[in-house]
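Quick note, the sequences are listed as chains G and L, same order. Residue numbers for the first sequence follow this note's numbering, beginning at 4 and rising by one. Residue numbers for the second sequence follow this note's numbering, beginning at 4 and rising by one.
If you're looking for bench data, these hints aren't it; they were derived computationally from the structure. Mixed in with the good hints there might be a few duds.
As the list claims (entries may be wrong) - Each pair of labels, with its calculated beta carbon distance range:
| no. | chain 1 | residue 1 | chain 2 | residue 2 | range |
| --- | --- | --- | --- | --- | --- |
| 1 | L | Gly29 | G | Arg232 | 18 to 26 Å |
| 2 | L | Arg232 | G | Tyr129 | 40 to 48 Å |
| 3 | L | Glu246 | G | Glu246 | 38 to 46 Å |
| 4 | G | Glu54 | L | Arg177 | 43 to 51 Å |
Unchecked claim - Facing chain G, a subset of chain L residues (Cβ under 10 Å, in silico):
| no. | residue |
| --- | --- |
| 5 | Ala59 |
| 6 | Pro61 |
| 7 | Gly76 |
| 8 | Ala97 |
| 9 | Thr108 |
| 10 | Asp111 |
| 11 | Trp154 |
Think of the CB as a built atom: it goes at the ideal place given N, C-alpha and C, for glycine as much as any other residue.
2 protein chains.
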Amino acid sequence: MAYELHYWPGIPGRGEFVRLALEAAGADYVDVARGDEASGQGMAAMAHYLEDPSVAHPPFACPFLVDGKRVIGQTAAILLYLGPRLGLVARGEADQLWTHQIQLTIADLVTEAHDVHHPIGSSLYYEQQRPEALRRAADFRSNRLPKFVGWFEAVLQRNPRNEGRAMPHLIGARLSYADLSLFQVVEGLRYALPKAAARALKKAPLVTQLNAGVCAHKRLAAYLASDRRLPFNEQGIFRHYPELDG
Amino acid sequence: MAYELHYWPGIPGRGEFVRLALEAAGADYVDVARGDEASGQGMAAMAHYLEDPSVAHPPFACPFLVDGKRVIGQTAAILLYLGPRLGLVARGEADQLWTHQIQLTIADLVTEAHDVHHPIGSSLYYEQQRPEALRRAADFRSNRLPKFVGWFEAVLQRNPRNEGRAMPHLIGARLSYADLSLFQVVEGLRYALPKAAARALKKAPLVTQLNAGVCAHKRLAAYLASDRRLPFNEQGIFRHYPELDG
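Take these sequences, add in the hints, and give me the full structure.
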């Protein structure tokens, strides 16, 4: 049975971290909220899991994955579940936990990248929190972004399996869901804050190489060129407001 | 060998979520950064793992757990690791993943509770972001806090094992690390925003009952009365600034 991915149809957002894993593995999946209401998909199908009191394990928010009777929310938990099933994580417990730890750190960066343009609250428009966003963006560019990128670079440097390889990996010698998520967050930051991202990446050659490697992956290259790949835009997590790029 | 917990000595912060699990299970552990430099503990022992390039799996931040050769960062990942070892999670994969998903949602609430007083950046003092904090706190009190507490209450309501029990659990019929973490975040919110927390909890009788049940747990009651339990204060995640409580 196909996996069901449930996420807002108009933005890559957090759903894209799951989508990239499904696409890289060539998994059979349905992008439910982007589907047709007439065939039982669309937003109504997604709303059921979020709102119906009969759902025993309600997700707090999108994205969530439905696999048969299982309903799994939280991006990192979805990837923890899918990783071994899609062959996108190593077999041992220690490597799986390290992969998950890196994923949770990526999740922290995603939240901070969102809060750059929404420091006061998601219930308000960007225009209602622009002065605050200018201040938060300055702190993000100077402190947080370099700290996160520096940490990813250190993780890549300390992976002994990367020596002499053109395509480095965060864990071991094979592609993992964390590699895919790092690719996505770097792409998002390049879109949102091109100047700040370029400055940070100049000091992170391995992160830059990993991103190029993901783009060259055969299945992912086909996916990225398809209309299944949603472009970044100003409704999502990574938004390009030039005034925030300093 | 004793587990090593590494976290800032002066605040409960995110370390407390791990400490509560260790204490509830009566596990043998060392609170390293609170220990004596002369016996190889203290801040220097903690700094080693964060700063020394010889550490293969560096944590991005505290808390982290050292168990023999394993170094595990990210609060939720630490609890994912400790849960089965301490008997604080059910045995099956589905229950373990659901417990983890709830834990990740608690982690999101913890981050938002922190950002109430630090909406612009952790590198600045509260006093440097007070006007922004006043706005963010209003959004948190009106929108986010009731949404999170309502979700925890729904999870407790939908757990069929809670029917007719004085002490409800988030998952199944036994105490889990997620129960302990929910207790901690509720205690933190009661400290930081007593009026807003009371309003939200008035509509969440099961959350309130769970908290009372945790306080009455024999080992935890002894721990909470000991000097191992750090009080909340204005250096930590949950800070009481009366002007933010509306």
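Exercise. Hint numbers the structure violates, sorted upward?
Worked result: 1, 3 and 4
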